[in-house]
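Number of protein chains: 2
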Amino acid sequence: MSGRLTVVGIGPGNEAWITPAASAAIAGAQDVYGYGPYLNRLLTRPGQTRHATDNREELARAVAALSAAATGRTVAVVSGGDPGVFAMAAAVCEAVEAGPPDWRALDIAIEPGVTAMLAAASRVGAPLGADFAAISLSDNLKPWALIERRLRLTSEADMALALYNPASQARGGGAARAFAVLKECRAAGTPVVLASAIGRPDESIVIRRLSDCDGEGVDMRTLIIVGSSATRLVARPGRAPLVYTERFARAP
Amino acid sequence: MSGRLTVVGIGPGNEAWITPAASAAIAGAQDVYGYGPYLNRLLTRPGQTRHATDNREELARAVAALSAAATGRTVAVVSGGDPGVFAMAAAVCEAVEAGPPDWRALDIAIEPGVTAMLAAASRVGAPLGADFAAISLSDNLKPWALIERRLRLTSEADMALALYNPASQARGGGAARAFAVLKECRAAGTPVVLASAIGRPDESIVIRRLSDCDGEGVDMRTLIIVGSSATRLVARPGRAPLVYTERFARAP
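Here the protein sequences line up with chains A and L, keeping their order.
If you read the first sequence in the working numbering, its first letter stands for residue 1, the second for the next number, and so on.
If you read the second sequence in the working numbering, its first letter stands for residue 1, the second for the next number, and so on.
This is chain A alone, in the form it adopts within the complex (with noise of 0.2 Å):
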């Protein structure tokens, strides 16, 4: 068997955060499986079929790219993003395992890409510059009582939380209600970020105080960066303020 599956982050929105390494994966590819939108960002090649498919099948997405690739074909899943990141990396792994025996022996790679928080990040200036941890809000994948005492314990260690996935399908207010225990847990005037749809020509960042957020605003594009105790603002005249998390800390 000589097929390889790679999957492949082609970072958030604008196509100058696509590495070269990622393109060179897609473009070496017979086949490209991957959400329909990923897809249409990037450049056909003559002889590359391109396999689209729903944004919530990411199971069914990788069983359909391992089996391609066990006929012998050179195959690329797209991932928005990092594929590691709440993405398809893993969803290749899980269908690996549960897979026939046979998957084990194919060729798989991932090329890493710019994960959606960093470039978040990039747009205020340096808010995940401490300790940090990303959390999904979907509860489609976990129960809500997981994710709220995963918010409760990184904020007890006082760490940047970058927050995937505030509007899941299955329930709509995640960040509603991720903000209405972070405001139990962080001090009110703890610096937000709501990031929209990052590097596209309508993306949108506002930075607010915590005691402001209440969900609104939010939809599946947008990524929610909540500061720690050291995170500040810093004004800027015809600017909006930078937005960094200090590197010094005291001890708790």
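Take these hints with a grain of salt, some might be off.
[Said to hold, decoys possible] Interface residues of chain A toward chain L, partial, derived using beta-carbon atoms under 10 Å:
no.: 1; residue: A24
no.: 2; residue: C93
no.: 3; residue: A130
no.: 4; residue: V181
Just so you know, the hints here were simulated from the structure itself, not pulled from any lab data.
Ideal Cβ positions, reconstructed from N, Cα and C, are used throughout, including at glycine.
For this one, chain A is given, so just place chain L on it according to the hints.
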């Protein structure tokens, strides 16, 4: 004042991981500041001035770069990995806040990159595929008590960990001390990835169980990933196992 300063992430090691946006920002700069070995990875452009500095002098480098931008120059500050993760972006923000008021009028931008933990994760599967935390083990900037507290709380939250700066120059044994704490909080069989010199010719990836980790084989070029209770090894004939964290989670 028309100066411009861009903090540019060049990813870890491999040049094929430098985004086109990062390359363009460096090519367009009159002055390029950075740690010598990072600058050596980049092509030189005629008329461009390079300022190589020591890796430990982040704040001094930020001040020098801002001073140059304040004279109207177009300046790039090069950062390994992503500049927003334990790197130059926070140092620049800190210098702006503490510096002369006219630095706040400068055009400051940040170009994100592939950070070390994402490249390390991509080499083995998807160990950071569910909720995770990123913690620097350097006690140059914060007391060890705070690091230990964060290791314990994120273990209680059952999140995977990416550990940066595991061999800080102040004390040496950050990794050994961290593993001692983590052995008290996580199962002995927890998968651990030691990724060194990622993307370089001498890259080395070692997969171990937590019980077999004592800090040996760790240096400043190592990025450590520690799994959660949901991190699995998938054995493969003739290949290294896949390491991934399950996307589904049960109630705590």
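The hints, checked one at a time:
Hint status for A24 (chain A): holds, given a least beta-carbon distance of 7 Å to chain L, under 10 Å. Because the beta carbon of C93 (chain A) sits about 4 Å from the nearest beta carbon in chain L, less than 10 Å, this interface hint is met. At its closest, the beta carbon of A130 (chain A) sits 7 Å from a beta carbon of chain L; the interface hint therefore holds under the 10 Å criterion. Of the supplied interface hints, the one on V181 (chain A) is violated, with its beta-carbon coming no nearer than about 13 Å to a beta-carbon of chain L, more than 10 Å.
Violation of the numbered hints given earlier is confined to hint 4; every other hint is satisfied by the structure.
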